[in-house]
Amino acid sequence: MHQFQDELRQALWKYALLPVLLLTVAGLLLIVVSWQHYVVEDNARHRQQLVSGIQTVMEDGSRRIGRIAEQLDKTPNSIEAIQCDGNSRANVMAAVYPELDSTDTGLGFYLLDNQGKVAAGSRQRLPEGLQDLSGEWGILQRLSESDQLQAELAGDSHRSNRYLLMGKAVRQAGRLEGFILLVMPGSVLQNQLSGGKQDVILLDRFDNLLFPWSQETAEGKVPAAFSHTKASLVHYDQQLFYSTGQEIGHGFAVLSVTPVTNLLSRYVLGAGFLVALFILMVPIIGVSVLRESRGKAKSIDELVEAFAAVKTGDWTHPLKLQPSSGLAVVQESYEHMTRSLQELMKKNEEEAKASVISEIRQLESQFNPHFLFNTLENIKFMVKLDRDAAIRMIKSLSKLLRYSIDNTVRRVSLADDLAYVRGYVEIQQLRFGSRLEYREQIDPQSLGCEIPKLIFQPALENAVKYGADAKGKIAILLQAEFCEDTLQIRIGDQGRGMEPETFARLQALLESEENDSVHMGVYNIHRRIRLMYGKPYGVQVKQREAGGTEVMLVLPILREEGKRNAETGNRRR
Amino acid sequence: MGNKKRWRTAMVLLVLVAVLGMCFSWQQLDEPAKAEEDLPQLVIYSPHPLEFTQPLLDEFEKSAGVRVRLVNGGTGKLLQRVREEQENPQADILWGGSVSMIKPDAGLFEEYESVNEAMMRPEFRNREGSLTRFTDVPSVLLVNTDLAGDLPIGGYADLLNPRLRGKIAMADPAVSSSSYEQIINMLYAMGDGNPEQGWEYIRALSANLDGRLLDSSADVYEGVARGRYVVGCTFEEAALTYQRLGAPVRIVYMKEGVISEPDGVYIIRNAKHMAAAKQFVDFITGHGAQSYIARNLHRRSVRKDVAAPEGLQEKDNLVMISADAGDTGEIRQQWLERFRRIFYGTKE
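Chain order of the listed sequences is A and B.
Mapping the first sequence onto the UniProt record's numbering, position 230 (from 1) lands on 230, and the numbers just tick up by one.
Mapping the second sequence onto the UniProt record's numbering, position 293 (from 1) lands on 293, and the numbers just tick up by one.
To be clear, the hints were calculated from the coordinates, so they are not data collected in a lab.
Bear in mind the structure is a predicted one, so any value in this text is a computation, not a measurement.
Warning: the hint list may mix true and false statements.
[Said to hold, decoys possible] In silico DMTMM-like pairs for lysine to aspartate or glutamate, Cα to Cα no more than 20 Å straight-line:
#1 B:K5 / A:D6
#2 B:K5 / A:E7
#3 A:K465 / A:E511
#4 B:K304 / A:E136
#5 B:K315 / B:D305
#6 B:K304 / B:E123
Hey, can you work out the whole structure from these sequences and the hints?
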């Protein structure tokens, strides 16, 4: 029944929810994209900047150290020579200087003897914080133990002068002669970095920094929370950071740290707003979908209901659609259709009724011409024998005929009808004399009942005609009483009864609905009652055991209303 | 209903795309942030200032390949932490705190004899087993030369001069180990070797402190260097640092006698990084570190083969005395309580 409504609801849900869902998904995707762009990519770009800067410095430095080492190799005892002998110094330095003609500002070069004393270099002394280098302290200790190029961070505790050191031991014939040392101040590298939202820092594998950083711990280290190599979201000091790292050899790593507390809180706010919107929209959509679908489906349901009613024959089922539903045309057509159908049926009914009435009329008019003929014959004799009786007979007949042909009255009270029927009986008594005995047993309550005019007269006539017993005596009993909710009028005689054949034919006739066969008085009564009141009513004929025939009319109890009742009421008063 | 199915698939796909997108960006982050745990770790508790520890730890890290985490704080607090963490030590080394202060708690520390023990001066041998000395820190007086004028300040006796009332910087011996050393020094020097006789001096000095007792040893030497006080009871290293920085200060070795109390380095019992801890003790008592300390960090070495810092008198020229009490827990508590009563008694 509500399938249409369900489908409508589903469709509405789909189309209403989809934009909201799309909006939410788009918002979330936007957050992801913006995170990717503003945080991940920016962070990587700045990190790459420092990484390439440092790598350039280190590659450049190691190339120079290699070439200087080569130059020194060519001169035996070169470092000693530099310190002792002016000419040797000139020779060695002439070869070394081109390598030091550095474009990198701030990059310092030093040639140290095996005690860590400066033999030659960019300056006479090592920079502040590096002066205490010796074979057992600092980078020189590591260099003296290795032939490889070494790089490390060094500097004093004041952190503003931290250095990136690169060095190599100079050996001749296995003997340690001295050291080549390149010094890159951290501040120089830091200055190369263009500003951004993120901090990019260089640290060694012990978490020590090359240049100061706002988040370093009191011990001058990178907080342990920041990972070296992996991208991670770090919670430190009540702030959130997006941190990525990259290892660049010699145990160094570059860390790029973007503070994201503000951004993330905005994301959370945005996502929260979206989700709240979603949560808010779902019930609103739900309610409006329900209302809308119910409204639209109601019209359809009513339409369906109306047609279902029509199908069962209920033409009066009203169809009230909502004026806004756009189904006004349907409603109009429906109304037009039911109206015209109703009219058509009414017309049919009227036609049927008319034919019934005409048949009833025909049946009513069947006053037996034999009766008239017999009566007139009797009057003919009476005029000669008893003039007074003849006059009374003519009066009774005339009264009876007038009553019979009065077409304005179709239904009368039992009492009125009985009065005329008695007139008929009187005529017969005048005819038959003492041979006819007529009795009435009438329930006084039934006197007010309405019955078709002269409905049992034909039965009475039959009783007079066929009810004579063996001695020729006719005894007729007319009874009227209520039985259950019907009015029963019985006309019984004491006669010899019908021939079994005739009785059977009569019974068969009463069973059937046809009216084509030879008209019999009893059948005509039966037909009239059926036409007027319908099926359960009619005539039953019984052959009594004790002899005689009984015709029983079964009629509905119809009280005369209005005028008659008022009259009886008046009479009672 | 094929249409419906298509809708459903589309929706599911959409949500899936969004979820995958988010997952992707989180996945980039959520790789377990395992820092390189391959490097050995060492956790050090130290009351020394960063300027002192940083160059030494830097060098230790590079030469030993150990990553050091330093926790800074006052000696008393750090010792308390070590005591509380006995069952589950969070640190490996307590680096600093005078031997006399740590001695009562020697049981908290691991017995270890460093490889350099043979090179130690005899008075700085690790007799207890768990108390390795690493520097020698004599108690001294630091005088602001601008404010002292012609006031004669050559020893403890001169601190009782009424003109110095309220102008003597001294830290609370309960929180500062250097201040406690001063108390011991005063008791022995002014009591002529009998601490009981020294309390009279303490009483007199307390009166001259005019109710001022500072919260940390740093307040003492900083206060003198900045001219808030004329003279301060402090230790040689701090005094020398300020002298070398060019502050208007002079170091005075008390003519009544100087007690030189060594600072130690102590391995905490059941330390988690025992190997690295032993490595550190060997490093800090080694020739390289001791030389560096003497040259750059203004402390006297405990080694025979390292000379006194430049500009300091050799100990042979000073009146050196030694204390044989004051380094047990009971006596320490007793003396601190006694000092407290004297100090606040005179104040109120």
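Now the hints, each set against the structure:
1. B:K5 / A:D6: 16 Å, holds
2. B:K5 / A:E7: Judged against 20 Å, a Cα distance of about 14 Å means the pair holds.
3. A:K465 / A:E511: 24 Å, violated
4. B:K304 / A:E136: 17 Å, holds
5. B:K315 / B:D305: Roughly 14 Å separates the two Cα atoms, so the pair holds.
6. B:K304 / B:E123: 11 Å, holds
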